[in-house]
Structure formats: structure tokens, C-alpha cells
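Participant: Starting from the given sequences, assemble the full structure and let the hints guide the process.
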Amino acid sequence: MTELDIEGQKDPFRRERNEAGAAGGNALLVLSRMTVSRHDADCPTSSPITDCPPSSGAWFSVVLESYACTPDALSKLSTPPPKVPHTIH
11 MTELDIEGQK DPFRRERNEA GAAGGNALLV LSRMTVSRHD ADCPTSSPIT DCPPSSGAWF
71 SVVLESYACT PDALSKLSTP PPKVPHTIH
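Residues in the sequence shown are numbered consecutively from 11, following the working numbering.
These are computed hints drawn from the structure, not numbers from a lab. None of the values given here were measured: they were computed from a predicted structure. Every residue, glycine too, gets a C-beta built ideally from N, C-alpha and C. Some clues are possibly wrong.
Stated by the list, open to error - What follows is a list of derived Cβ distance ranges for each label pair: (1) Pro-92 to Arg-43: 35 to 43 Å; (2) Ala-51 to Met-11: 35 to 43 Å; (3) Pro-90 to Asn-36: 14 to 22 Å; (4) Ser-85 to Thr-55: 32 to 40 Å; (5) Asp-52 to Ser-88: 36 to 44 Å; (6) Ser-85 to Ala-51: 43 to 51 Å; (7) Arg-24 to Asp-50: 21 to 29 Å; (8) Ala-33 to Met-11: 17 to 25 Å; (9) Asp-15 to Ala-83: 28 to 36 Å.
Facilitator: Here it is, written out as C-alpha cells:
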């Protein structure tokens with residue numbers, strides 16, 4: 011999957027999320043790993059891919075997993091962990 015496929019759409023995994031819901035799932039986990047980085051000198055990695063037409067950006071290996079989670083598990087997934095203050099030694 012290209013970087014533009016992932017970042018250039020409002021809801022890139024809508025179909026998969028709907029399929030997971032139809033099968034009884036209520037959580038979709040998207041695992042991605044970059045397989046090919048950007049090779050376009052006119053589009054540095056610091057720029058959003060949507061600012062770099064016609065480049066499609068990096069390529070990713072994407073695996074989707076769906077789960078049927080309990081309401082308690084879902085609430086824990088949607089709650090960010092508390093921030094831990096960093097101390098400098």
C-alpha cells in the first residue's frame with residue numbers, strides 16, 4: 011500500500027472496518043511496516059505526502075486484524091496512557 015493510499019484519504023480503511031463490523035468485530039488493528047522509503051527528491055520525508063503530487067510516497071506492507079472486544083477493553087484502547095514526566099540526569 012502506498013503512503014498516499016494511507017495518508018491521502020479521509021478514511022482509508024473504511025471498507026475493512028465495515029467488513030469487520032459485519033462479521034461481529036468492533037476493533038480494527040492496522041499493522042504497517044515501511045518496505046520502500048520515498049525516493050522523490052522533490053518530496054522530502056518532512057513534507058506530507060499530500061503536498062507532493064504526483065508522488066505516491068513510500069510503500070508499506072499492511073496487515074489488518076479485526077477483534078470483538080468487550081466494552082471495558084474498548085474503553086481501555088481508546089484511553090491514552092498517562093504521560094510520564096521525563097527527568098534529565
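Participant: Each hint needs a verdict: does it hold in this structure or not?
Facilitator: Outcome of the hint check:
1. Pro-92 to Arg-43: 35 to 43 Å: violated, 28 Å
2. Ala-51 to Met-11: 35 to 43 Å: violated, 23 Å
3. Pro-90 to Asn-36: 14 to 22 Å: holds, 19 Å
4. Ser-85 to Thr-55: 32 to 40 Å: For Ser-85 and Thr-55 the Cβ distance comes to about 35 Å; the hint holds.
5. Asp-52 to Ser-88: 36 to 44 Å: For Asp-52 and Ser-88 the Cβ distance comes to about 38 Å; the hint holds.
6. Ser-85 to Ala-51: 43 to 51 Å: holds, 46 Å
7. Arg-24 to Asp-50: 21 to 29 Å: Given range 21 to 29 Å: holds, Cβ gap about 27 Å.
8. Ala-33 to Met-11: 17 to 25 Å: Given a distance of about 21 Å, which is inside 17 to 25 Å, the answer is holds.
9. Asp-15 to Ala-83: 28 to 36 Å: For Asp-15 and Ala-83 the Cβ distance comes to about 29 Å; the hint holds.
Checked against the numbered hints given earlier, the structure breaks hints 1, 2 and satisfies all the rest.
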